[in-house]
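Chemist: Here are the chains, one letter per residue:
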Amino acid sequence: MAEGDAALAMALLAVDPARLGGVTFRGRGGPARDSLIEFLGKALPGQRLFRLPPHIGEDRLSGSLDVAATLRSGRPVHDRGLLAEAAGGLLLLTSAERLSSGKAALIAAAIDTATDSGLLLICDEGGDDENAPPALAERTAFRIDLDGLDGDAAVAIDVAPARALLAHVILPDDILEGLCRTALALGVGSLRPALMAAAAARASAALDQRPLVTLEDAQTAARLVLGPRARHAPATEEAEANEPPPPPPPSSSDDSSDTDRPPTDQEIGEMLLAAVRASLPPGLLAALEAGLRQQAAKPGAGGLAAKAGLKRGRPLGTRPGQPRNGARLALIDTLRAAAPWQPVRRRARPEREGLHIAGTDFRIRRFKPRHETTAIFVVDASRSAAMRRMAEAKGAVELLLADCYVRRDRTALIAFRGSGAELLLPPTRSLQRARKSLADLPGGGGTPLCAGIEQAIAVADQVRRAGGIPLAVFLTDGKANITRAGTPGRAEALADAEAAARALRITGLRALMIDLAESGPGPCRRLAEAMGASYLPLPYADAARISQSVAAAMKSGA
Amino acid sequence: MSARYPFSAIAGQEELKQALLLTAVDPLIGGLLAFGDRGTGKSTAVRALAALLPEIRATSCPYHCDPDSPAAQCPVCRATTTHKIRKIPIPVVDLPLGATEDRVLGALNLERALSHGEKHFEPGLLAQANRGYLYVDEVNLLEDHIVDLLLDVAASGENVVEREGLSIRHPARIVLVGSGNPEEGELRPQLLDRFGLSVEVRTPSQVADWVEIVKRRDAFERDPEGFSAQWEKAEDQTRRRILKARRALHAVVVPDAILARAAELCINLKTDGLRGQLTLMRAARARAAFAGDRQVTEAHLRELAAPALRHRLRRNPLDETGSTARISRAVAEVLGA
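Chains as they are written, first to last, in the numbering used here: chain E, 1 to 558; chain U, 1 to 337.
Just so you know, nobody snuck in bad clues.
Straight-line distance between alpha carbons at most 25 Å, and here's what the computed DMTMM-like set of lysine to aspartate or glutamate pairs gives:
no., chain 1, residue 1, chain 2, residue 2
1, U, Lys215, E, Glu138
2, U, Lys17, U, Asp223
3, U, Lys119, E, Asp59
4, U, Lys215, E, Asp173
5, U, Lys87, U, Glu122
6, U, Lys119, E, Asp333
7, U, Lys270, U, Asp256
8, U, Lys215, E, Asp208
9, U, Lys215, U, Glu232
10, U, Lys119, E, Asp361
11, E, Lys42, E, Asp208
12, U, Lys215, U, Glu200
13, U, Lys119, U, Glu162
14, E, Lys436, U, Asp37
15, U, Lys270, E, Asp403
16, U, Lys17, E, Glu138
17, U, Lys215, E, Asp174
18, U, Lys17, U, Glu235
19, U, Lys119, E, Glu351
20, E, Lys394, E, Glu372
21, U, Lys215, E, Glu267
22, U, Lys119, E, Asp79
23, U, Lys119, U, Glu101
24, U, Lys215, E, Glu216
25, U, Lys244, U, Asp68
26, U, Lys17, U, Asp293
27, U, Lys215, E, Glu270
28, U, Lys17, U, Asp218
29, U, Lys17, E, Asp112
30, U, Lys119, E, Glu353
31, U, Lys215, E, Asp112
32, E, Lys436, E, Glu392
Which residues of chain U face chain E? A few of them, derived with a C-beta cut under 7 Å, are:
no., residue
33, Asp37
34, Arg38
35, Gly39
36, Asp94
37, Pro96
38, Val207
39, Ile213
40, Arg217
Everything labelled a hint here was simulated from the structure, so no lab data went into it. Even glycine gets a Cβ: it sits at the ideal position worked out from N, Cα and C.
Make the full structure from the sequences, and use the hints.
Modeler: Structure below.
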């Protein structure tokens, strides 16, 4: 994103914070981010900045009884909760991608119910492939990529006159329609961005001290609000890339805005699209879509799973600790712990009635969380495999998917072909998506088996971290011919694959090798041994039998 | 936002609006599941409906019991005869995704236990939602055991708490409204079946619809009072229609022939259990009452087959034919095209 745009977005936000909601920063925090936030702070005087780390407790967010203070004073002490305290202020979520979806939902609800004073949200994402929770990203109008911005991105703009004018700015219907058309063409699947784009266009006009929204304002809004949300490239793009530009309409789009004939709604839509397209670097859309998909597949990343031991599952007894953030107080054990101390404490504070319970007496319940199995399918989509057994392999995977659905297991799909492996489907419970990505599985190219195995190890590691039990199912003919470095070479490729297989064994990942080779046990058998995997040659197995054996492996793993 | 967006001003989403209205006419239909895209006004619609409904008379207990029907009161209210009556809007309670069992069911009041050594029940979200709506966004991401619990309470109309030495039961007549995006995960089939109606909510694909929605929303945000005043007449009309339908509901006749048709439909679609047929009948009756008809007809069945049955079909998870398409096929077979 250009520097001017970042500063402009901030200025617009300062003009109409209540309706634009906030901003999501992407990339490593640095001087650029700090100066942008500083600018916001200055433009909105009197608003405090609240920092919310991702590990903040749900108690602290929504408020609850402050147990320690209550005990100390002997009367109830309530903690209002940060969201209530922050009303009308700025909320800075650092490392928002680590925020659990439960907490994100709480924050989203607070934004929705905030009174006119508003609650401005600043999400901060760490870069890489992880995104802020969709519920929050959806509520911030702007998304600013910090890479390439340097320290003094923000310039001082006085927004007070614009704020005064804002209520009187008129948004013509044709401009509004153009914005909606653009949002649709870009595949923005929600109405919120369209509303925010309308607000941004208004703010842009107000910032310029104009009482009427013009096409330029709408272009700014489309570029800043709708552009970063594009889910697919506008349909007209390909046509334009392949053909020479279409013959201009009677009055060409350049001068139509300032000559006799006003542009039609359709034309306004086109012009806004062009503005968005110009600001999108090539390849961004694909990356964006990948990012959006990934984030959608990650209910309650990390946070929920890490705390699972205190919330649900089979009871495991109690341990000392504070009954907050969803941990349940074990009342009887707490009383038992407090009982021996009663005479001593009563002597120390004779004026207090009732039981004397101190913070150290608290016992909370522990639970053994239920572990979910995630089946990671690693499918050989190379030419050698694709030519022969792909249909059967797909059939087998489909059967397995149906099984996973019944068992509420999650599935992930990795395909390797050409020069590398690709995670086509991050762990998900959605069968629709698993099916879709399997049907779209591309085929052809070399067999980078080593890359496939390594990718499986990486995904399995993620699954484990999130508290699940991974299980890898390989479907390949074992005819590796691409080395770890991505170069062709059969012998070396096989050696690399075996090394990867041994690495897999060390991680303790449970695996199943389904051999797609046609003639007798090939290299797959050796690989399976190296992995410590069960081996199942497909020539003797129909799809139903594969399904059975995976189901058996899952059961023994769960 | 202080002012609520008027229900009548919601553009599009006819199926969702109708399903909501029917739950208002007959809460026994049993909840609503709205699956679909983000930002399509699902929660706006629920909130708007509750604001549209007339205020209810309530006792001053935490469960805001109905002073006029002793059978549905909490033990405390049942024991007294002199109630302090107040008027409250129909409650709409949000269930946040991270909510714990304690928060939902209610739990021991720590404050009282600690400072006074008393055993006292702190009512949870279910108590707050009694006689109103409990709205769960992203119900498909909610932990299974919480969903189980919600559906149990919604079906029985009573919350039973047996934990931490407490033994409490209180009325919790709630209409459960769940929403979510199926792309992010699916609900267990056994839970799907427990929702009364289900609607599919899609982002409109026509520019004109988008423009209309954005325009109205924009007008509302700029001048909430003025906008609401503009729609007040339509809101009044809808409110009166609901009240009239509620009174007429018991008088609506469901002929045996229609019941037989509904059964044929369910058999044709191989829905599990009888819940589907019951819901279809109740929804059709509510629809008839809302339309001012005295009798349920095939037209009502035709209209409500999809929302009442689409989530109850035995589903081959790999079958791509949508449930809605299968239902319209069955409707055509049983009722004729």
